[in-house]
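Number of protein chains: 2
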Amino acid sequence: MMSEKLHLHLESSRKRSALFHLTEEKWAAAAKRHKPLAKNVRVTVGWDGDILDDALRTADVMINSSPPRENLRERAPRLKWIQTTGAGVDQLSPFDWLPEDITLTNNSGAHGAKAEDSCTMSLLMLNAGLPEVLTNQRERRWQPIFSTPIEGKTAVVIGFGDLGQAAGRAAKKLDMELIAVTRSGKHTRPADVTYPVSRIDRALPKADFVIVTTPLTADTRGLISRERLGLLKRGAGLVNIGRAPVVDYAALTVKLVSGDMGGAVLDVFDQEPLPADSPLWTTPNLVIMPHISCDDPRYIDQLLDTWFMNLERFMKGKALRNIVDRRLGY
Amino acid sequence: MMSEKLHLHLESSRKRSALFHLTEEKWAAAAKRHKPLAKNVRVTVGWDGDILDDALRTADVMINSSPPRENLRERAPRLKWIQTTGAGVDQLSPFDWLPEDITLTNNSGAHGAKAEDSCTMSLLMLNAGLPEVLTNQRERRWQPIFSTPIEGKTAVVIGFGDLGQAAGRAAKKLDMELIAVTRSGKHTRPADVTYPVSRIDRALPKADFVIVTTPLTADTRGLISRERLGLLKRGAGLVNIGRAPVVDYAALTVKLVSGDMGGAVLDVFDQEPLPADSPLWTTPNLVIMPHISCDDPRYIDQLLDTWFMNLERFMKGKALRNIVDRRLGY
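One line per chain: the protein sequences are A and B, in this order.
For the first sequence, the positions run 227 to 556 when the numbering used here is used.
For the second sequence, the positions run 227 to 556 when the numbering used here is used.
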């Protein structure tokens, strides 16, 4: 145990959805759930930088969606650990701003149950031709589209971390064939087959539906290119719950309009909120999800619970969970 | 075995979707799958009544979505069995046109696998606020709606025949609590609890989501009335894959517009195709499915397979499966 209290600074932006706000109330509720640990913590709560520099002077730990990066060591001499509120840290990369002795942890794993529901839904929507049905509804057009049950069809999941495995559980719950595409190609449950990303071009033609779940890194940017979309079966569908720049949306749009692809469900976009004048809003056979597929309204409660579990490890000098690998970028 | 061939007349309407057409090709394929039985059958194929009266003169069996009802005994002196292509026979009720010695069978049970997929999808869509998300998409409005996972929430399934049990399997696959409402209230798997319809008012307030699957009969018409919709929790959702007149759509619309109900997915309408000027097309938080939730494109193949199984029973003098109860109306 430490002799003096650990200073934790919680920093939020009012520009983000209230779902992600680290409020005094959320902290108080979490501290109550983790009393023995919480008594070792002194907390400050900041908004859009209002008390940030003051807080950094003494903070040991910070929870933040977008940590300050300029002169961090100088401004925060005692800082040892930054916890991000999100799972993706692509917006913080490259990590040259991050002193070697500050540990960065992300919120990977918080999204599993919700992502599984979302992927189950999206797979069934794509199989039932819902993106086209919904396009027809916008145009008051009654046009029955009949489809066989989803059982036995093939899902190809790109990336098989927490989100990818949730997508995989969804496919298995629907009795689908499941191919995972990962960096190493090492077999991982519940996939039936795992391909290394170097052989992705062999996996894509087998897909009835592709689910993209990868973080955005130098390796994944543009991975699902126009050429690779061209490898898909006619009528195949695509879901993206990873990051937008992994998929060529312009090429995807062309294939949705032409009918080469049957439908898509996108949860992530280059610019969020998606601007009102984006042509994606009215692209046929495309469902626009406003970045909600993987987020539970209890998000911050769960983040703080996970953080407290890591705090216990931290205080005992054990390795933390969810450490971001600076080299891999996730 | 019979000494002479059985005359089967297949009658279709070109006004209906090709999915439901009893074509020579479909018959030939089915006859190949059931060779020993098929060699006892002589078949005629008619369209919109073109050879109907001729065929009826000698037909023993007829498969038809909408059998001729005027002077049937006189026109079809040998007719012993009518198989309908659909599951619902409400459009044929009352059954005073049907001679007592003609057996009417429906296609109940053909819809299970597809209905299970559709209900799984619709439950997840309602839980994720998709009807509202899709309304927002129509208006190019980015508005994140966050929801907790569906596990543990409660589905109330109205009617627990083939479609209802498929809906029930969907709810159970999603680890939901499942309440069935049936005529008798007798416990039926996989429901956790079964209520008789006389106590439906006790079941509805427990529902996060209601799935209506009942056939249309004198008892079910108007069952989900404005008053009963008023028993639902705020934000509850509704799916109808049964028959439109079971639910008061005008009252449902009011509750969707006011936000009292969170969303609805409707697959059945008073008039189908739904007319282009129907206000339902643009009702907020409402997904319009063009009567596709329970139909597999292999529909006629499956119908004929089921019919051949019944033919074997017929030829052996055994009781047929799927006999419509004239009194109950399904």
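None of these hints come from the bench; they were simulated from the model.
Mixed in with the good hints there might be a few duds.
It does not matter which identical chain is used: a pair holds within one copy or between any two.
Pairs of lysine to aspartate or glutamate residues, derived as DMTMM-like cross-links and limited to a Cα-Cα distance of at most 25 Å, are as follows [claimed, not checked]:
1) Lys241 x Asp551
2) Lys542 x Asp486
3) Lys379 x Asp531
4) Lys379 x Asp427
5) Lys412 x Asp401
6) Lys241 x Glu358
7) Lys241 x Glu365
8) Lys399 x Asp388
9) Lys252 x Glu377
10) Lys398 x Glu377
11) Lys399 x Glu377
12) Lys306 x Glu250
13) Lys379 x Asp527
14) Lys542 x Asp503
15) Lys379 x Glu358
Please read these numbers as outputs of a predicted model, since none were measured by experiment.
Outcome of the hint check:
| no. | hint | result |
| --- | --- | --- |
| 1 | Lys241 x Asp551 | neither (28 Å within a copy, 62 Å between copies) |
| 2 | Lys542 x Asp486 | neither (56 Å within a copy, 50 Å between copies) |
| 3 | Lys379 x Asp531 | between (38 Å within a copy, 23 Å between copies) |
| 4 | Lys379 x Asp427 | within (19 Å within a copy, 41 Å between copies) |
| 5 | Lys412 x Asp401 | within (22 Å within a copy, 31 Å between copies) |
| 6 | Lys241 x Glu358 | between (34 Å within a copy, 22 Å between copies) |
| 7 | Lys241 x Glu365 | between (35 Å within a copy, 22 Å between copies) |
| 8 | Lys399 x Asp388 | both (16 Å within a copy, 21 Å between copies) |
| 9 | Lys252 x Glu377 | between (42 Å within a copy, 24 Å between copies) |
| 10 | Lys398 x Glu377 | both (9 Å within a copy, 17 Å between copies) |
| 11 | Lys399 x Glu377 | both (9 Å within a copy, 14 Å between copies) |
| 12 | Lys306 x Glu250 | within (22 Å within a copy, 76 Å between copies) |
| 13 | Lys379 x Asp527 | between (37 Å within a copy, 20 Å between copies) |
| 14 | Lys542 x Asp503 | neither (52 Å within a copy, 68 Å between copies) |
| 15 | Lys379 x Glu358 | within (19 Å within a copy, 29 Å between copies) |
Hints 1, 2, 14, counting from the list given before, are not met by this structure.
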